[in-house]
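Assemble the whole structure, with the sequences as input and the hints as a guide.
Number of protein chains: 2
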Amino acid sequence: MRLATRANGTPDGELIVVSGDATSCLSAADIAPNLLAALERWEALVPMLQARAELIQAGQGDPLDPATLRAPLPRSWQWLDGSAFATHGELMQIAFGLDPIDRERPLMYQGLSDRFLGPSDDVPVPDSALGIDFEGEFGVIVDAVPMGTSVADAAQHIRLIVQINDWSLRAIAPIEMKTGFGWVQAKPACSVAPFAVTPDELGGDWRDGRVCCDLLVEWNGARFGLVNGDQMAFSFPELVAHAARTRDLVAGTIIGSGTVSNREYAERGSACISERRAIEIIAEGNPRTAFMAFGDRVRIEGRASDGSTPFGTIDQRVVQA
Amino acid sequence: MRLATRANGTPDGELIVVSGDATSCLSAADIAPNLLAALERWEALVPMLQARAELIQAGQGDPLDPATLRAPLPRSWQWLDGSAFATHGELMQIAFGLDPIDRERPLMYQGLSDRFLGPSDDVPVPDSALGIDFEGEFGVIVDAVPMGTSVADAAQHIRLIVQINDWSLRAIAPIEMKTGFGWVQAKPACSVAPFAVTPDELGGDWRDGRVCCDLLVEWNGARFGLVNGDQMAFSFPELVAHAARTRDLVAGTIIGSGTVSNREYAERGSACISERRAIEIIAEGNPRTAFMAFGDRVRIEGRASDGSTPFGTIDQRVVQA
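Protein chains in written order, with UniProt numbering: chain A, 1 to 321; chain B, 1 to 321.
Quick caveat, the hints were computed from the structure, so don't treat them as lab data.
It cannot be assumed that every hint is accurate.
Claimed, not checked - If we take Cβ atoms under 7 Å as the criterion, some of the chain A residues that face chain B in the derived model are: (1) Leu55; (2) Gln110; (3) Gly182; (4) Thr246; (5) Arg247; (6) Ala290; (7) Phe294; (8) Val319.
Quick caveat, the model's predicted, so the values are computed rather than measured.
Note that the Cβ used here is the ideal one computed from N, Cα and C, for glycine as well.
See the structure below:
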């Protein structure tokens with residue numbers, strides 16, 4: 001099942017169910033006013049949402065206007081982002097002389113969740129000298145997860161899968177990282193692709209708790225990376241259980257994979273500029289690739305093994321705030 | 001003006017206005033359903049809230065039942081905690097061999113904001129071996145703050161002042177800090193004292209953007225610290241402007257001071273166990289004071305220079321989750 005959020009003048013938008021080919025939809029506002037509310041009563045509501053999806057499949061949907069789509073969750077109470085791709089971590093560690101990574105524990109920080117930009121929203125940044133960078137990644141949305149939930153049980157709480165651009169300001173990131181406190185200024189609002197899909201929608205591409213889809217990243221129309229989500233050192237259920245060790249996770253919590261990255265980066269490229277710069281530093285001593293300028297566009301699209309694009313596309317422009 | 005939130009079966013509770021002596025109150029649910037909603041329209045609503053406060057002062061309030069009080073914001077979209085007391089930072093740095101602190105930039109992390117425990121709620125922790133610690137601090141609540149707001153303008157967005165217990169799990173904190181990603185497992189839900197007060201309510205104790213009140217901390221009935229909020233290296237307006245450099249701050253954002261700490265710690269004590277242990281390590285080579293055990297209580301109370309207790313009292317017990 002594919003869900004999305006349509007602009008309706010409210011902070012949380014209107015929940016809609018979308019057809020597999022993303023051409024038709026039906027409102028689900030009578031089932032739950034918005035996706036955040038639906039996640040709070042997921043098990044009770046999901047049969048009704050599925051019935052709505054069947055109506056659409058039977059040809060009773062309305063045309064979908066992509067211009068009305070916001071982030072699936074325009075805001076949520078909690079956003080926890082991992083950094084689960086070992087290749088990315090290793091490249092950054094070598095290039096920037098960071099401390100060795102503890103491979104026994106997932107990396108995770110809490111970020112801004114009071115707003116998520118929509119798939120084609122402009123991205124406001126105050127200063128182009130801040131090292132503007134995209135980060136293509138996948139994420140999961142859970143319903144309420146009790147403190148101390150095991151990895152096996154955590155998998156059952158993963159209700160939806162999304163595709164995210166975790167915007168980063170690289171001139172600030174290492175300064176904040178050095179404090180040990182994590183990122184505030186270096187991490188403005190993320191963007192999210194329009195469709196949140198249930199795990200079954202991905203078929204065999206949801207495998208071992210990983211989103212084994214390709215992620216195509218294009219910067220100003222040129223291919224930057226075509227990476228795959230299968231090489232996470234920790235699975236999404238492991239990330240969820242990690243997050244829930246000492247806290248109950250509120251329904252609607254989004255947990256991110258961190259920048260998708262592959263061992264075959266020489267052929268596949270990267271999902272963020274900083275990783276490409278790290279590769280350049282390691283190979284040549286200095287980075288050649290500059291960060292984004294105002295007016296630059298980035299396009300990020302997940303691709304399933306059958307060639308479909310389950311999450312839709314992020315395609316947006318950086319602008320001066 | 002003093003505001004509080006009364007339990008009414010909803011996630012956000014009922015907004016009430018409270019008398020200066022905390023004995024009487026009136027509902028403000030007809031003005032705004034809850035405090036988070038009030039902060040979204042603060043300037044428009046504050047005259048109505050003040051009129052309600054005048055009714056109470058004229059003797060028309062209802063009796064206040066302290067047992068019904070929750071955290072002023074039982075949940076909020078954003079919680080950003082600083083660490084603005086230089087003495088605390090220096091003691092921790094020396095005792096634990098941390099990197100030198102950059103004195104030009106405030107320290108800040110984003111923490112769990114989907115729930116704040118009430119002033120007398122039990123505090124659930126999964127394991128007493130995690131180094132259970134309180135952190136007494138002050139915080140401010142802002143209305144919507146645009147990205148790039150100056151320090152001078154930031155001061156105008158500080159609408160309410162609160163008193164917080166930022167619970168910390170010290171066995172995990174240094175492990176997470178070393179990653180540079182900040183704290184997730186080490187920072188479960190905070191607790192907040194019952195009353196949020198407008199800055200004018202503190203008179204001369206709200207000075208230079210600092211809460212110049214004492215903070216009395218008692219652990220199992222014994223005085224642990226009697227510290228004052230006046231020695232912040234960065235003022236609250238500076239913390240707000242720092243947070244807003246690359247993001248719009250959503251109305252209801254709470255920004256914390258970090259553990260209150262004074263240069264005169266030998267006489268005044270500390271507002272968290274970890275700081276006392278740091279002092280012991282520096283003086284004697286090893287810490288003598290153990291962290292909290294299940295069943296332990298902590299009582300934290302801010303005291304104005306006139307002896308009043310503007311925020312009310314946090315008095316709670318740690319329990320096994």
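Legend entry - Violated hints - listed by number, lowest first: Hint check: 1, 6, 7, 8 fail, others pass.
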